[in-house]
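Here's the letter readout for the chains.
Number of protein chains: 2
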Amino acid sequence: MDNFSFYSPTFFEFGKDAENKAGELVKRFGGSKVLIHYGGGSVVRSGLLDRVKKSLEEAGVKYTELGGVKPNPRSGLVYEGIELCKKENVDFVLAVGGGSTIDSSKAIAAGVLYDGDFWDFYSGKRIEKALPVGTILTIAAAGSEGSPDSVITKEEGMFKRGASGDAIRPKFSILNPSLTQTLPAYQTAAGITDIMAHLHERYLTNTKEVEVTDRLIEGLLLTMIHEGPRVIADPDNYEARANIMWAGMMAHNNAVGVGRSQDWNSHNIEHELSALYDCAHGAGLAVTMPAVFKYVYKHDVMRFAKLAVRVWGCQMDFDHPEVTALAGIACLENFLKSIGMPLSFEELGAKEEDIPKLVEALCYGDGRTGSISGFVTLDAEDCAKIYRMMIK
Amino acid sequence: MDNFSFYSPTFFEFGKDAENKAGELVKRFGGSKVLIHYGGGSVVRSGLLDRVKKSLEEAGVKYTELGGVKPNPRSGLVYEGIELCKKENVDFVLAVGGGSTIDSSKAIAAGVLYDGDFWDFYSGKRIEKALPVGTILTIAAAGSEGSPDSVITKEEGMFKRGASGDAIRPKFSILNPSLTQTLPAYQTAAGITDIMAHLHERYLTNTKEVEVTDRLIEGLLLTMIHEGPRVIADPDNYEARANIMWAGMMAHNNAVGVGRSQDWNSHNIEHELSALYDCAHGAGLAVTMPAVFKYVYKHDVMRFAKLAVRVWGCQMDFDHPEVTALAGIACLENFLKSIGMPLSFEELGAKEEDIPKLVEALCYGDGRTGSISGFVTLDAEDCAKIYRMMIK
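Residue numbers (the working numbering), protein chains in the order written: chain A, 1 to 392; chain B, 393 to 784.
Don't read these hints as lab results, they were simulated from the structure. Mixed in with the good hints, there may be bad ones.
Unchecked claim - Below, a list of computed lysine-lysine pairs in the DSS-like style, where the Cα atoms sit at most 25 angstroms apart:
{"id": "1", "chain 1": "A", "residue 1": "K306", "chain 2": "A", "residue 2": "K337"}
{"id": "2", "chain 1": "A", "residue 1": "K86", "chain 2": "A", "residue 2": "K171"}
{"id": "3", "chain 1": "B", "residue 1": "K521", "chain 2": "A", "residue 2": "K27"}
{"id": "4", "chain 1": "B", "residue 1": "K445", "chain 2": "A", "residue 2": "K171"}
{"id": "5", "chain 1": "A", "residue 1": "K171", "chain 2": "B", "residue 2": "K521"}
Produce the complete structure using the sequences and hints provided.
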């Protein structure tokens, strides 16, 4: 196991009606004038936004608001949010929504206290200070509610990049599984896929002797495999939603990923797809992961075989471990198909002729120098082959 | 799943030489005058105490010290520590040791800021404020390095009781697996048993639909079953020690126990044994757990069968699930024996004739009214039967 630091000081309020504690929690963590940041109309239509405002008012907390966050959140709205916060003397950013809204809120929170262009943080500069951020989560997926990470798409060039720093870890996150019950099945499934991707990105490691984190990751994957189909079959299954929601947080606050190298190449390869086609990130990952895994499994056949046996219940082929490794990847594909996810370029709306453009942005865009690193380092030729494996 | 709050704002520095960051971390979390609290001579003999002092000096942090913490830490030393902190204007308590030292440090930290008798907290009053506490852990066992809990024995009456409160969660904990390599095998095994007990206490729940925490607990138990025997066979196995150390923290900071009722009756029943005989808590748990589980398994046969199948690899007897449930408990006993733990009253140095006294203290001592509650509520007669099951 590698040396590591781990710090997850987010207060989680989990369960039914938890959003009614928003005002109390903003006050507890030092907010007096809040930016409520959200996406489209669903948080308005459902009455959630009104309940949150009422809770803030009851706690004597002032607020201003900025809606309009889109999936794959854009830099333009971040700049707008930064200006608004400065103008209104906002001292706390409250995200009401999913990963996109939370990531946009984190970017705003960091940008308000920074003299330069906030995009510097998405080009490699570590975030050292930010306004405090709180979240009210409406989809189990990104794990941003418990993570120090944010992903934003720069409109100029459509680069999708990540930034990180303990300063943007949410001070509190409100997780009410009921709020996810109104999601369309496709979005629920995309969220399930994103959570499973976060677990695979951590599972694919070159660090030896990491049994504790292996076992924790496997436990979370087994949970997703059990609960995912239940919630697709019955969107109102609160219990299945609750198990998925905690698994989604645990999958990404890194308690199960400490002390080991991680992969993140499936995410890198997918980001170009959702940046170009504006597809759901989770759907893009469903197309990407099996292709990446089939391309790289020979790098550590036994690790893929372990995943197949422990998580998918495959029988170990002791004479031909690669057979077991590939059987596990096939199980993942079948699972993703069963919950309604796409598995091919065509289903995603991606085009073969765009592959050179995707590879160029992936391997050379925004300062990269010809390859992406992770479980296996992949150069432009590797990445082109992987994109081509997604054409079926 | 039940509603819950979860808050684990401890900063963990994990790995080789991590103790050299003690001074930097004390400063980061606001300490300028530290009480270094520790137990016996091993932290002195190993040179650890000197390294810690050097780190504090280099960071410009002043300190005073108080050694002498014993296993099953006593109230007497806590009173002494509180007086010392007040006299010396200490603003930070740094525990260097295992669970006993950390628990004693937490009690001192809470007592310094409280006008009444600190024992009030161990009689049910919640701890609302305390001096900040940091820890440098020397044994993987109690999980106190990441928990809001502390257990102290009151010398008057020899009651062993717990207190809790977010204020005593460590601000930071330094986890260097190398520091545990010099432990005698018996203490290492007692620590392994304590960690496994924390997991069982959470696994035994009456809450339905808690797959995510079930799977996480199972993953940590599987880790202990894999790594425990390796470290007993080879005390210098750093990697096995590292996996156990993180599992020990994760087993008890409650990330894997949220949203579910828990048991804790094995701990309650054991506490009387270590209070009366001053045995190692983990050794007491090895004797206690199998007896308790055999007494209560019929309350939820399928839960014990699940544990047997998923954790111990037992074949499910679909016609007679109770056979599988009992097979799992037998696997636990065999495992504990294999790592050198006692399984009977005799091996522990406990005496049959003391059972009435143990039951009296357990069920009526210090304000209790005839029973203990958990997975199953146990009255004095139940508890007497359970103690008698430990005579072999």
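Checked hints:
Pair hint A:K306 plus A:K337 holds up; C-alpha atoms about 22 angstroms apart against a cutoff of 25 angstroms. Pair hint A:K86 plus A:K171 holds up; C-alpha atoms about 20 angstroms apart against a cutoff of 25 angstroms. Restraint check: the Cα-Cα separation between B:K521 and A:K27 comes to about 19 angstroms, which is no more than 25 angstroms; the hinted pair holds. With a C-alpha separation of about 33 angstroms, the suggested pairing of B:K445 with A:K171 is violated against the 25 angstroms cut-off.
Taking the CA atoms of A:K171 and B:K521, the gap is near 20 angstroms; set against the 25 angstroms cutoff, the hint holds.
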